[in-house]
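A.B. asks: Using the sequences provided together with the hints, build the complete structure.
Per the UniProt record's numbering, residue 1 is the first one in the sequence shown, and the count goes up by one each step.
Don't read these hints as lab results, they were simulated from the structure. We put the CB at the ideal spot given by N, CA and C, even for glycine. Hints are supplied without guarantee of correctness; some may be wrong.
[As the list claims (entries may be wrong)] In silico DSS-like links for lysine-lysine, alpha-carbon gap of 27 Å or less:
1) Lys101 x Lys116
2) Lys21 x Lys58
3) Lys68 x Lys58
4) Lys24 x Lys52
5) Lys52 x Lys68
6) Lys52 x Lys21
7) Lys24 x Lys68
[Said to hold, decoys possible] Simulated DEER-style distance windows between Cβ atoms:
8) Leu99 x Glu72: 41 to 49 Å
9) Leu105 x Lys24: 36 to 44 Å
10) Glu72 x Thr34: 23 to 31 Å
11) Lys101 x Asn69: 45 to 53 Å
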Amino acid sequence: MSTAIKPRHIGRNISRIRELKDMKQDALAYALGTSQQTISAIENSETVDEQKLIEIAKALGVSVEAIKNFSEEAVFNIIGNTFQDQSAVYNCNCIFNPLDKVVELYERLVQAEKDKIEYLEKLLNGK
Numbered sequence: 001m002s003t004a005i006k007p008r009h010i011g012r013n014i015s016r017i018r019e020l021k022d023m024k025q026d027a028l029a030y031a032l033g034t035s036q037q038t039i040s041a042i043e044n045s046e047t048v049d050e051q052k053l054i055e056i057a058k059a060l061g062v063s064v065e066a067i068k069n070f071s072e073e074a075v076f077n078i079i080g081n082t083f084q085d086q087s088a089v090y091n092c093n094c095i096f097n098p099l100d101k102v103v104e105l106y107e108r109l110v111q112a113e114k115d116k117i118e119y120l121e122k123l124l125n126g127k
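C.D. replies: This is the structure in structure tokens:
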């Protein structure tokens with residue numbers, strides 16, 4: 001059995017980081033002044049030229065080391081360790097009933113229309 005470590009697929013790492021940043025290939029291509037097809041070719045390559053890697057890292061807003069050492073497990077660990085209490089993220093305790101606010105707004109609009117009609121009738125009757 002071989003104990004050689006398989007080299008990281010840099011293109012795949014670029015692709016995953018781009019996807020995690022919710023960026024399309026077209027957007028990355030635009031940032032680099034190249035075509036979407038070139039980005040696709042880079043993402044399918046196991047290795048990337050160091051200068052090109054520096055440019056890509058800058059466009060993605062990450063370090064070159066982040067691209068080279070990217071791993072899915074690390075991302076999941078960071079997410080898992082960052083969001084310990086999921087209930088705090090989704091817990092919304094409103095101190096008012098939103099429907100009451102809608103009804104209140106509607107009543108204010110109706111009253112404003114009544115006031116406007118009353119004012120216009122006074123103007124018409126006053127002449």
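A.B. asks: It remains to establish, for every hint, whether it holds in the given structure.
C.D. replies: Against the structure, the hints come out as follows:
1. With a CA separation close to 23 Å, the supplied pair Lys101 and Lys116 stays within the 27 Å bound.
2. Simply put, Lys21 and Lys58 have alpha-carbon atoms about 13 Å apart, close enough for the 27 Å limit, and the pair holds.
3. Only pairs whose Cα atoms come within 27 Å are accepted, and Lys68 paired with Lys58 is accepted, the gap being roughly 14 Å.
4. Distance check on the hinted pair: Lys24 and Lys52 sit about 18 Å apart at the alpha-carbon level, within 27 Å; holds.
5. Only pairs whose Cα atoms come within 27 Å are accepted, and Lys52 paired with Lys68 is accepted, the gap being roughly 13 Å.
6. Between Lys52 and Lys21, the direct Cα distance comes to roughly 19 Å. Compliance with the 27 Å bound is thereby established for this hinted pair.
7. Between Lys24 and Lys68 the CA atoms are separated by roughly 20 Å; this keeps the pair inside 27 Å, and the hint holds.
8. Range check, Leu99 to Glu72: Cβ separation about 44 Å, and the 41 to 49 Å hint holds.
9. Distance hint for Leu105 and Lys24: a CB-CB separation of about 40 Å, consistent with the stated range 36 to 44 Å.
10. Judged by the Cβ atoms, the range 23 to 31 Å given for Glu72 and Thr34 holds: they are separated by roughly 26 Å.
11. Taken as a hint, the range 45 to 53 Å holds for the pair Lys101 and Asn69, whose Cβ atoms sit roughly 50 Å apart.
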